[in-house]
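Protein sequence lines correspond, in order, to chains C and V. Position 114 of the first sequence, counting from 1, maps to 114 under this note's numbering, and the rest follow consecutively. Position 251 of the second sequence, counting from 1, maps to 504 under this note's numbering, and the rest follow consecutively.
Because the hints were derived from the structure by calculation, they are not lab data. A virtual CB, placed ideally from N, CA and C, is assigned to each residue, including glycine. Do not take every clue at face value.
Stated by the list, open to error - Straight-line C-alpha distance at most 27 Å; calculated BS3-like pairs for lysine-lysine: (1) C:Lys159 to V:Lys330; (2) V:Lys483 to V:Lys290; (3) C:Lys159 to V:Lys426; (4) V:Lys290 to V:Lys330; (5) V:Lys505 to V:Lys483; (6) V:Lys523 to V:Lys290.
Claimed, not checked - Per label pair, the in silico range of CB-to-CB distance: (7) C:His96 to V:Leu326: 31 to 39 Å; (8) C:Val101 to V:Pro328: 37 to 45 Å; (9) C:Arg153 to V:Glu271: 26 to 34 Å.
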Amino acid sequence: MKTLIRAGWTLWLPVLLVTIWWFASANSTNIYVPSLSRIVEVLWRDISSGLLIDAARVSLTNLAVGLLIAAAVGILLGLLIGETRRLRLILDPYIHFFRSVPQSALVPLIIGAMGIGAAPKIYTVAFACVWPILLNTIDGVRGVEPTIRSVSRVFGVPKLLYFRRVVLPGAMPQVVAGLRVALPIGIVVMVVSELFASNQGLGFYILNSSATFQIPETWGGALMVGVIGYIIVIMFSLFERRVLSWYFRSGAL
Amino acid sequence: MTAPQSIHTGSLDVLGGEVLLDVSHVSMGYGDGEHEKRILEDLNLKVGHSEFVSIVGPSGVGKTTLLRGLSGLLPPKRGTVSVAGQTITGPHPDIAAVFQDYSRSLMPWMTTRENVAFPLQGQGVGRRERNRRAEESLEEVGLSGQGDKYPWEMSGGMQQRVAIARALAYHAKVLLMDEPFASVDAQTRFDLEDLVVNLREALGVTIVLVTHDVDEAIYLADRVIVIAEKPATVVDVIETGFGTVRDQVDTKADPRFQDARGRILTRLRKA
Chain C
1 MKTLIRAGWT
11 LWLPVLLVTI
21 WWFASANSTN
31 IYVPSLSRIV
41 EVLWRDISSG
51 LLIDAARVSL
61 TNLAVGLLIA
71 AAVGILLGLL
81 IGETRRLRLI
91 LDPYIHFFRS
101 VPQSALVPLI
111 IGAMGIGAAP
121 KIYTVAFACV
131 WPILLNTIDG
141 VRGVEPTIRS
151 VSRVFGVPKL
161 LYFRRVVLPG
171 AMPQVVAGLR
181 VALPIGIVVM
191 VVSELFASNQ
201 GLGFYILNSS
211 ATFQIPETWG
221 GALMVGVIGY
231 IIVIMFSLFE
241 RRVLSWYFRS
251 GAL
Chain V
254 MTAPQSIHTG
264 SLDVLGGEVL
274 LDVSHVSMGY
284 GDGEHEKRIL
294 EDLNLKVGHS
304 EFVSIVGPSG
314 VGKTTLLRGL
324 SGLLPPKRGT
334 VSVAGQTITG
344 PHPDIAAVFQ
354 DYSRSLMPWM
364 TTRENVAFPL
374 QGQGVGRRER
384 NRRAEESLEE
394 VGLSGQGDKY
404 PWEMSGGMQQ
414 RVAIARALAY
424 HAKVLLMDEP
434 FASVDAQTRF
444 DLEDLVVNLR
454 EALGVTIVLV
464 THDVDEAIYL
474 ADRVIVIAEK
484 PATVVDVIET
494 GFGTVRDQVD
504 TKADPRFQDA
514 RGRILTRLRK
524 A
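Just need the whole structure built from these sequences, with the hints factored in.
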């Protein structure tokens, strides 16, 4: 019953907005603002035909691989940089330089340099997502309790074990926060990367339909990206609850 | 001033028997050269097997710095610390420590048992043996069967017991304690003090405890080292002569306790 009430509180507004959109756009004559029923119709058509499913599969694979690379690189480097003062001093300016460069603006350059295919798109996603993960991991490592560091040193905990069982879990709340920030960035960059020199994926679907004045398809593609993003965030929250269960439970007491 | 007859001015050497912990001409400080801030000047102290030594001094005198030196966390500027005849150059398997702030010294992502067993994992002790030793130590501190709880599910006193169990499970020869009971309420503090007294008697561990609490220093120790001034030096040493058994009421009513208390408080007031 409680979950039902909570779901009700979350759902009433989107349901209302979609309903308003549905009726307000029903008789639209503006070709750039087609009726929602038309959008849903083409969306359903392209999903049933497998066209959008294939596009989503290509895009999500790039996104997943890119995110995994970003997470691996960001977390490993973050642990090392966070633990090593000298490394921080040397690398700090570069980190802040690269993360300030708008990632979408680099997409044409990267694709120009690396050519078409999946690799440049994966690289673009990874490059864009690595910064929030890296910076948050460094912060998380810096935030590990000094007494816990002293304890680990007094008891002679070897470096590898120390990173695995002390620094990583200690920094984990921040690491997860970094991943949470990286997710939507990844989704945006995933789509943008497919707007250039591409012949598949959701970004290509959106660009192609727009270029050929299939406006309902453009809307449908954008809607699909939004829904996928939302589902990913919900899945991520479940993952977060699992990984950080100690964190949420200790804070709740 | 002459010492009252009932208590003895102690020595910085052991009473007899083997020296386990030998602190020789240790000076501690921060910074280098001209900018060095000297915290502790030329400390000499020998501690024997199963001995309980308290180091008492006012807040900010450098007790924690001294303990960092003894634990190998901070190398002394001059002098050496050796344990069982071996000069230490860093953290040493014969030395374990209990820190002041239990809530910061236990890892909230590990269960109590994992916290206690964790240092053993670094020593390459197998999982079964680790868990056995952890369970054994938890039992010794009166927490048997609580291994699956997380630290944050426990009271402050229980958390500090876990920290003590962790040090015991490590099977070190010397147990260093840095104001271990400063963050708990009075009743819990008495319970923990008696726990430590009993552990010393039952297990024969050698304990060096630093505290700013004069009563606690006297109550627990065989020898009380009083440090004061800046940089800190030893200003008095008192042998309590209580043996290995204590009682919160009787011991504290003992004339020797009162004498030692008066003498240390007077000495610290002068400093």
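Look at the Cβ atoms of valine 101 of chain C and proline 328 of chain V and judge whether their distance stays inside 37 to 45 Å. holds, 44 Å
Assess, step by step, whether the Cα of lysine 523 of chain V is no farther than 27 Å from the Cα of lysine 290 of chain V, and give holds or violated. holds, 23 Å
Could you tell me whether the CB distance from arginine 153 of chain C to glutamate 271 of chain V stays inside 26 to 34 Å? This hint holds: roughly 28 Å between Cβ atoms.
Holds or violated: lysine 290 of chain V and lysine 330 of chain V, Cα atoms, limit 27 Å. This hinted pair holds, its Cα atoms lying about 11 Å apart.
Mind checking the alpha carbons of lysine 159 of chain C and lysine 426 of chain V for me, to see if they're no more than 27 Å apart? Holds: lysine 159 of chain C and lysine 426 of chain V sit about 24 Å apart, inside 27 Å.
Is 31 to 39 Å respected by the C-beta to C-beta distance linking histidine 96 of chain C and leucine 326 of chain V? holds, 33 Å
Quick one, are lysine 505 of chain V and lysine 483 of chain V close enough, alpha carbons at most 27 Å? Since the Cα atoms of lysine 505 of chain V and lysine 483 of chain V sit roughly 30 Å apart, the hinted pair is violated (cutoff 27 Å).
Are the Cα atoms of lysine 483 of chain V and lysine 290 of chain V separated by 27 Å or less? Status holds; Cα separation ~10 Å.
Check the hint pairing lysine 159 of chain C with lysine 330 of chain V against an upper bound of 27 Å on the C-alpha distance. holds, 26 Å
Hint 5 alone, counting from the list given before, is not met by this structure.
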